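Enquirer: One-letter residues, chain by chain:
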Amino acid sequence: MNQTIVSYLSQYEFYDVLLNLFGNNQGLLAFAIYLIVALVVVGFCATVGGLGTYAERKISADLQARMGPNRVGPYGLLQFLADGVKMLTKEDIMPYTADKFLFYLAPLLALVGVFATLAVLPWSSGFMMADLNVGVFYLIAISSLVGLAVFLGGYASNSKWSMLGGMRGASQIISYEIPVTLSVLAITLLAGGMSFGTILSHQEGTIVNWFIFHNPFAFIAFFVYGIGAMAETNRAPFDLPEAESELVSGYHTEYTGLRFGFFALAEYIEVFVVCGVGTALFLGGGNLPFNISIDIIPTQFAQVVIFVTKTCLLYYVVIWARWTLPRLRVDQLMSVCWKYLTPIAIFNLVGCAIWLVMFNGKSLADLVFGSH
Amino acid sequence: MEYTVGNIAPIFLAPVIAFVINAFFGRKLPRQGDWLATLSIFISFIFSARIFGDFVFGTFATDHFIHKTFTWFDLSHGANIWKVNMGVYIDNMTAIMLLMVSGVAFLIHLFSTWYMDHDEKHGRFFTFLPLFTSAMLGMVMSDNLFALFCFWEVMGFCSYSLIGIYVKKEAAGDASLKAFMTTRIGDVFLLLGIVALWMVLGSVAYVDIYAAIAEGKFAGQTVIGISLATFTALCIFLGAMGKSAQFPLHVWLPDAMMGPTPGSALIHAATMVTAGVWVSLRMYPLMVLGDITWFIAVIGAITAFGAATVAMVQTDIKAVLAYSTLSQLGYMIIGVGVGSYNAAFMHVITHAVFKACLFLSAGSIIHTVHEQEMPKLGGLRKYMPYTHFAMMACTLAIAGIPFFSGFVSKDRILGDALYFGFMSGQNPLLAIVPILGFAGAGLTAFYMFRMMFLTFYGENRMGHHDAHGEDHHGDHHHGHEIHHEHLDARQNVPLLILAIFTLGFWFAGSLTGQGIVKVFGEKTEWFKVLVEAPKVERFVNHPREAWGSTDTRVKTELTKARYDHQTGYAGPNPDEHKIHTAHVIGAIASIIIAALGVLIAFLMYIKKSIKPLATRFPGYTEVLRNKYYFDNFYIDVLIKKGLLGFNRFLSWFDMGIFDRYAVDGAAAVNRVLFKASKWFDNVVVDAVGVDGTGVAVNLFNLVLRIIQSGKIQFYFVMLVVVLASYIWTVNI
Amino acid sequence: MMGLASYLIISLILFVVGLVIILSRKNIVAILLGIELVLNAAALNFVAYSRYVTNNLDGHVFSLFIIAIAAAESAIGLAIVIRFFQIKETIHIDEATQLRN
Amino acid sequence: MFIELLFLTSALLTVGSAIGAAVTRNIMHSCVFLLGSLLGIAGLYATLGADFVAVSQIMVYVGGVVILMLFAVMLTGGKDFVSRAQNLLGLAPAMGNKWTYTIGLLTALVVVLTNVKLITNVVKAYPAKVIGNDFPSTVNQIGHLLVKEHVLAFELSSVLLLGALVGAAIIARPRRQG
Amino acid sequence: MTPAQFDGLMPIVILMGIAVVMFFGGHFLTVLLSPKKPSHLKSMPYECGEIPVGSAWSSFNIRFYVVGLIFIIFDVESVLMFPVAAIFRELVDMGHGGYALIIFLSFISVLLEGIGYCWKKGDLDWVKSYQVSLKNNK
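Chains as they are written, first to last, in the working numbering: chain A, 1 to 372; chain B, 373 to 1104; chain C, 1105 to 1205; chain D, 1206 to 1383; chain E, 1384 to 1521.
If you are wondering where the hints come from, they were derived from the structure by calculation, not from laboratory data.
It is possible that some hints are incorrect.
Once the Cα atoms are required to be at most 20 angstroms apart in a straight line, the calculated DMTMM-like pairs of lysine to aspartate or glutamate come out as [as the list claims (entries may be wrong)]:
1. K541/B <-> E743/B
2. K362/A <-> E1496/E
3. K400/B <-> E492/B
4. K339/A <-> E1496/E
5. K1419/E <-> E91/A
Note that the structure is a prediction, hence the values are computed from the model and not measured.
Pulled out of the complex, with its shape left as it was, chain A reads as follows (with noise of 0.2 angstroms):
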């Protein structure tokens, strides 16, 4: 446990101010400060996700040229609000040859999934809910949750086109986390430690700094981390297990209403949580791409703004991604991940682990700047 949001706090007097309202009793306090600032983000994580589909169908309609969702709202920006009611008054339909225990649990698993990733997400350096020793590490684990449930949603509908969304969505996932986690695996050798802070810290200063020009490895690794990522969070052109041409809607076809909604949001929850990942791997973070040193509360508060900004901006991709490129047919998906994918993502592993040993943990830049 390193920096937390609870330690950051503590170096400021009115966190004193706040302990003796809570009785001197740290863990309440802590407790309370944790759910508050865990409700800010599942709201604003909620709210993104939210105008994620907005921003799809907009970017979508600009794409294609044509107007996009402008009813609801200014510019059509309720859209979303309108979504999430009509999915509240849906009928909640369930197949009688479904099993039922399954069939609740599934979106559950996936909401978790995502949710428990958004402890470690780091807005700032200081804005960190929980810095765990084995931050990353931690972030692929719980969100292999999302495959489970995946998997779980298609078998529990008893039918056939749930099915085989959901036995390709979980190899799938399952494929695509070996290269994401090689990548990842690239980061923690370069930063020595797995914590967000550990990574972040190691990417401060310029934008020379950041991983992902470190070394030329770690700017192939970026790539294949979002290539992985992208195809991990089910999207398009990797969206083979909700294709609608082929399998109606995949998994969830025998969804309705909010569990579907839970589907939907956990997707979208998690396509900002991997590209939050990216950036705080790669991008730097919070960090501009320029040297400022005032730690102050606007400071970290600049920071988050810098951080969601980056990680919007890979989300822009991400959607692009979706309208600009043809679905991959099911051999090419595995034979990307496995012929591709894998093994360049190895070599990338194998890249850093010499160049840190070669140039004593010199970056590039560090090598032609000269270091201090």
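Using the hints, position chains B, C, D and E against chain A.
Expert: For chains B, C, D and E alone, kept in the frame of chain A given last:
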């Protein structure tokens, strides 16, 4: 000499590295890596020789030993339980054994490069051979029973692979499975014994066990009603019985010749079968404490005699050797049982040398003439003089002819057995041990010379037989196309080297070993001086050396010791003069018996003057033309002598119980029970008129059928229950 | 409340439940499942001892290896199950009484 | 406070799910209960300060083993995974009946008694408090252990996994008759 | 870790709790708001309007399992690699870079061997795996 891990570890590691390289890249290496395997064993040999030199000729005191341990894993938090140590323990015995194993194995490897040339399984053979050797070396060096067990199992696996190396032959597969399964029976008991020791002593290192014996920690401990010492000793000995192929568990060894001959040589001589004797010797104080030595002696005697009788009727040259191995192992076990510690170990060494040589000679013959049925051989002396010389030397040794090594070691065992059976005031029934022992010695001389005579003497019965398949165009009127043997560094030089070491004085100093003719004087009786049963008192509170430490203890000159009849740890025997008498009688008796055996063989196969059934068969010419008659004739002689019954019993035991047991245990048991029930019906039921017995037997069958259901979960339940009851009975 | 004993008891319960599953189920997948529970009970013991008894992290490493071995075991075991199903059209353990098909 | 709550929750999740896995008659549900149990064990690891082991547990079991099990259930055709009252051969149903459970529970009783005997000794021998628990980062320590003391096991485990991969691939690969 | 340090794990539990609460709360809302007009046709699995034949729970192709198999092996290997990777830089700084590199590379090389084997044997081909393995198993 400074001993660090660096100069002990290569003995074990070099063959392992060779194994790994051969296993993965063997096919890509030139000659499939056989040179690598041989080289690795040679490296082991060099390092072993250094240790041997230090211990035997060097500056160490006679009871010096090296014991280096490291903690494998430690979950104990300071306490001594839950702590597993591994290490090496090297004393005089280990040094001698290391030299023997690595030396013999090196020669076998060298020979194998010739024997296995162009064989389809060449690469695979040379993958497992070094692993086998390394496991044996590791077992010899290991300082605790658990490590021993691990290597023991590796050896079991390797023997499985080597016996069944020709996977396409059904018989080879069956034989390998049989070897694996039969030894497994013993292994279970061995593991049980190890666990029992572990739970009581908290350690299974030899030194700790010795110390516990000396401190009397075994007193009063019982397992399922038996005293702990007896229980553990029995379990460990049962394990040894499996590996050393003693009487009820012997059936795998004769079949083990399905593999290539050098592999058999390694199994029979240097490595696998001696493992059982080795662990019996190491745990000798425990055996004495558990008071099962008489049992050991009886088992050994039965094996020694029974196997010898079976060997007399075999026609396959390798089968004769296989049964002779059984017989000789029986002698070793007798040696352990009758307290002839020194001689038993010497017999391990001498037997390893001459048996390796015998097997390699057999391999040389088989590879040259492609025939292993003795009736089809004969007169090979002219064509294979070197092989003949080596094999003759070994035969003299194994037959117990004076001046050869076998005489020295076997005779000491028999002398001690004589004392044990007649003079020590034991149960008079135990006189069966020396009686069977001496009878077996005579038979040994007979069948070994029978083998020699049939193979190398007489006229060549190869007749139309073509030695090399591609030589069909050659002159057939000669009747033989056997190539004359040339001195070949890989074929017969290993044999000759081994043959040199069949002379007795290498081991005894004197040529006879009985102190009658002393060549180098008393001082060179190094075997007597160096090998003795562990004196358990000195292991109490002995210091342990760290794994990485250098040996810095004070070394003293080699001291002279007396050859005592060692009854465990109890010191010199008061019956010294009786023992001396027994040894003199034994020496004379065994010389006479061996000579008798050779004479009978000579008369029967060279002179052919014993012709008890000449009336039934027209003449020798007829008999010799039809080799089958030869065997029939032989068996008829045996029938006259009344041995067939015993043989039949043995073969019934072999096939009727064990083969079936390996295939389907329940069926065999049921059959026996049905026989019993039939007998009951005829005798008891009909006579008395009670019907219940049959029902009871059927019920018993029902129970057995349920137990042997093949249902894994049921076995699991039994396993759990047995383990639990075990934990409850052993007090922690 | 939290002491070595409580972890040992949880581990014991896990072990026993795994054992019950192994013994009472006839479905091979379920038996493998029970084996996983048993292995986890062992690993939990290692970590608990590591914290309460030995004061080093060897227990952690050990349980890591247990995890690795359990994964390998289940991979092989399930492969065998699938092969068995292809041959026998069932995954009932009592049908698995022959060494060769 | 929090740690006790975490412990309690995890323990309940572990034990409850394990028992659920033992009693449910649907193999799919059994697998999902196993998942719950494994997550609970991960929580227990977390309360023991073993963060890396906990996450490894989640990573390997949740992401790997459970999914593999579910795959295997699906591959074996959905015939056997619901309980059958009786099949043609008169065998016990795949998910057990009262007899198999009786045997299992009796054996379990034996094991419990045996283990209680063992555990009491251990618990008596060691006080129920943490000894020198200051491991700020288990990851680094585990890393050092893996590259130093347990380096052989580390390397061999890769070989083991390779063997498992090759072996399982060979076994599971479809064949002509299959 | 001291009990206070365990507080760092709190957000994870809180977030999971929020997920659970949200899930059940959402369900509660649905129960309140949504219409309920069940019919047999409605609760049938959707198969493009056809009446479903048989259960969807039937045997699947083996290739899903092979993918899972390769995945789990890689997964475990990466689990074992993470701690080593985390201290790699430390080792380099301490001057044991070469040693660490050898250990790391030998571990990865075994990993590569596995994937190479599967590649060669055709286990990585989604469609062709059946035919290829037929050829290999002759």
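Enquirer: If a hint holds in the structure, say so; if it doesn't, say that too.
Expert: Structure-based check of each hint:
1. Using a Cα cut-off of 20 angstroms, the hinted pair K541/B and E743/B holds, with the two alpha carbons roughly 18 angstroms apart.
2. Restraint check: the Cα-Cα separation between K362/A and E1496/E comes to about 30 angstroms, which exceeds 20 angstroms; the hinted pair is violated.
3. Taking the CA atoms of K400/B and E492/B, the gap is near 15 angstroms; set against the 20 angstroms cutoff, the hint holds.
4. Restraint check for K339/A and E1496/E: the C-alpha separation of about 13 angstroms stays at or below 20 angstroms, so the hint holds.
5. Distance check on the hinted pair: K1419/E and E91/A sit about 6 angstroms apart at the alpha-carbon level, within 20 angstroms; holds.
Consistency note: the structure conflicts with earlier hint 2 alone.
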